[in-house]
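Trainee: Protein chains in written order, with our numbering: chain Z, 1 to 256; chain V, 1001 to 1260.
Among the hints, a few may not be true.
As the list claims (entries may be wrong) - Looking from chain Z toward chain V, a few residues come up when the C-beta cut is under 7 Å (computed): (1) Val23; (2) Ala100; (3) Leu209; (4) Ala210; (5) Val235; (6) Ala237; (7) Ile238; (8) Leu242.
Unchecked claim - Across the chosen pairs, the derived CB separations fall in these ranges: (9) Met165(Z) with Phe1015(V): 36 to 44 Å; (10) Phe1123(V) with Phe175(Z): 52 to 60 Å; (11) Ser1046(V) with Trp123(Z): 15 to 23 Å; (12) Ala58(Z) with Thr1233(V): 47 to 55 Å; (13) Phe1123(V) with Ile12(Z): 37 to 45 Å; (14) Val159(Z) with Lys1154(V): 33 to 41 Å.
In case anyone wonders, no lab produced these hints; they're calculated from the structure. All values reported here derive from a predicted model rather than from experimental measurement. Glycine included, each C-beta is placed from N, C-alpha and C at the ideal position.
Here are the chains, one letter per residue:
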Amino acid sequence: MSPVRRRGPGRIGVRAVQLGVPVALLAIWYLATTRWGVSRILLPNPVAVAQALGHVLATGEFVADLRVTLTELAIAFAISATSGIAVGYLVSRTSFRIRAFEPLLAAIYSVPLILFLPIYVLWFGLGPPSKIALGATISFFPVVLATVAGFGNVDRMMVTAARSMGASDLQLFRFVLLPAAFPVIIAGARLGFTVALLSIIGSETLASLAGLGHKIVELSEGMEMPRMFAYIAFVVAIAAILNIAVSRLEAWGRRP
Amino acid sequence: MTAATAPRRLAARPFAARLLVIAILLVIWEIAARWFVDPLFLAPPSKVALGIGSVFATKGVPAAVGVTLLEVSAAFAIAVAAGLAVGLTLGLNDFSRRSFMPMVLLLYGLPQITILPLFVLYFGIGPASKIAFGVTHGTFPIIVTVVAGVQNIKPILLVSARAMGAGPWQTFRHVIFPHMIPSFFTGMRLGMTGVLLGVLLAELYVSTAGIGYFTTLFTQNFDPTRLLGLVGTLAAMAIVLNAMVRRLEVRFARWRDPRG
């Protein structure tokens, strides 16, 4: 709470803490497995995990599961992005439709839609289609809500001005509506992508035959702890890379 | 007024239009389920609605819903307490905020679903693993919003409070706390969403007593009537819980809204 900020030493202290805490956690992890007798089945040795990760990366055994997960993600996001933007545009066209349907979409968005996974498994089976359907359903809502917000909040003055200068429908869309709504829509699309990734890995974890989420469960049931931890680290890294990539894309798309 | 204009006037109200669309979707669903889709996979909505009684008459279902609600309440209580404690610690101290906030945001961004099998391994297949997974999903949004709420206080308010002789406790009670309340309730709403997600994920992963057990059972028995009835009831509960927290949020945000 002190309003005085000592820039120099404070910054070094912050860096020291940020470096020290992970190092300390790693040391505790190592000591817990080697000295303090924590069961290998509950917590594998970090060195063993690092070796397992190296092995997984070197042999390329992750490729098949990664391909399944990324294919599901690509199809699900393609479906939710196109349908979300199309439905969102149609809803945003009149303020009446926005008032009628936006609360409905928002209410459904507040439901944890993962609940519908058993129904989707019943309909589409244990394979990729049920993951694609669930990922598309869950990520549809952030996209559609952002599209409604984007097109719905365009300054009326701009629209009236463009109209009075004789803009056609197409010109109005191309030069007024789209540029105004684009940053909001792309933010919604990025959120939708993240949500689709999470729901696909999640539904693979809960009920599936292949994919990265399935692999982690398989290893956990086989009690192959070092390999399981290695796969967790791998999936976390993949998710981080994808999220950074879409954030970059979003920033690139928002530039004026 | 002729009969033809009455529905048109009704459709001019947004609420009525919303109901109309829901009704049309229900009718399509009813027709599809009655005549076009295999009854092993889809039950018509009329049958689902009438079957809700039979869902709750199934031995163990009321207890399972009770177990799940208990898991959600326990996880939410722990998440709020932990999120508030950590959020205040980080938000009120510049050094700890700059040191730990990047770590909190990093952890918040991780796909926690990857470590769900570990929760089951460490906490067992009973309610404890569901509560723990709900807590880790619910705590982070609360921490982030509490820190943001404390950060938004204008420094001049803190300085003038101190200039007028307020001690640390008085500053907290009369300046920091009232400013934190609106964002705290936003955090509670996001935390509730996270807790519901975490508990339900863990329930669906493995469950011996909660609702996850029965969704699996109804799926494997090709019993869409009871499956849709149970899922629909849970979805309705989620909407109600969210609406309750949202109402609290609006109520507590009201004081500083006008010309704030």
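Trainee: All hints, please: hold or fail.
Mentor: Evaluation of the provided hints:
Among the interface hints, the one on Val23(Z) is violated; its C-beta lies about 13 Å from the nearest C-beta in chain V, farther than the 7 Å criterion. Interface restraint check: Ala100(Z) against chain V, minimum CB-CB distance 4 Å, threshold 7 Å, status holds. Nearest Cβ of chain V to the Cβ of Leu209(Z): about 16 Å, over the 7 Å cut. The hint is violated. Restraint check, Ala210(Z) versus chain V: the minimum CB separation of about 16 Å is more than 7 Å; hint violated.
Satisfaction of the interface hint for Val235(Z) is found here, the shortest Cβ-Cβ separation to chain V being roughly 5 Å, below the 7 Å cut-off. Taking 7 Å as the C-beta cut-off, the interface hint given for Ala237(Z) is violated, the closest approach to chain V being about 10 Å. Given the 7 Å rule on beta carbons, the hint for Ile238(Z) is violated: about 9 Å separates it from the nearest Cβ of chain V. Of the supplied interface hints, the one on Leu242(Z) is violated, with its beta-carbon coming no nearer than about 10 Å to a beta-carbon of chain V, more than 7 Å.
The hint said 36 to 44 Å for the Cβ distance between Met165(Z) and Phe1015(V), and at roughly 37 Å that hint holds. Here the CB-CB span from Phe1123(V) to Phe175(Z) is close to 57 Å, well matched to the stated 52 to 60 Å. Range check, Ser1046(V) to Trp123(Z): Cβ separation about 20 Å, and the 15 to 23 Å hint holds. Between Ala58(Z) and Thr1233(V) the beta carbon distance is about 50 Å. The supplied range of 47 to 55 Å therefore holds.
At about 39 Å, the CB distance of Phe1123(V) to Ile12(Z) agrees with the hint of 37 to 45 Å. For the hinted restraint 33 to 41 Å between Val159(Z) and Lys1154(V), the CB-CB distance of approximately 37 Å keeps it satisfied.
Hints 1, 3, 4, 6, 7 and 8 from the earlier list are contradicted by this structure; the remaining hints agree with it.
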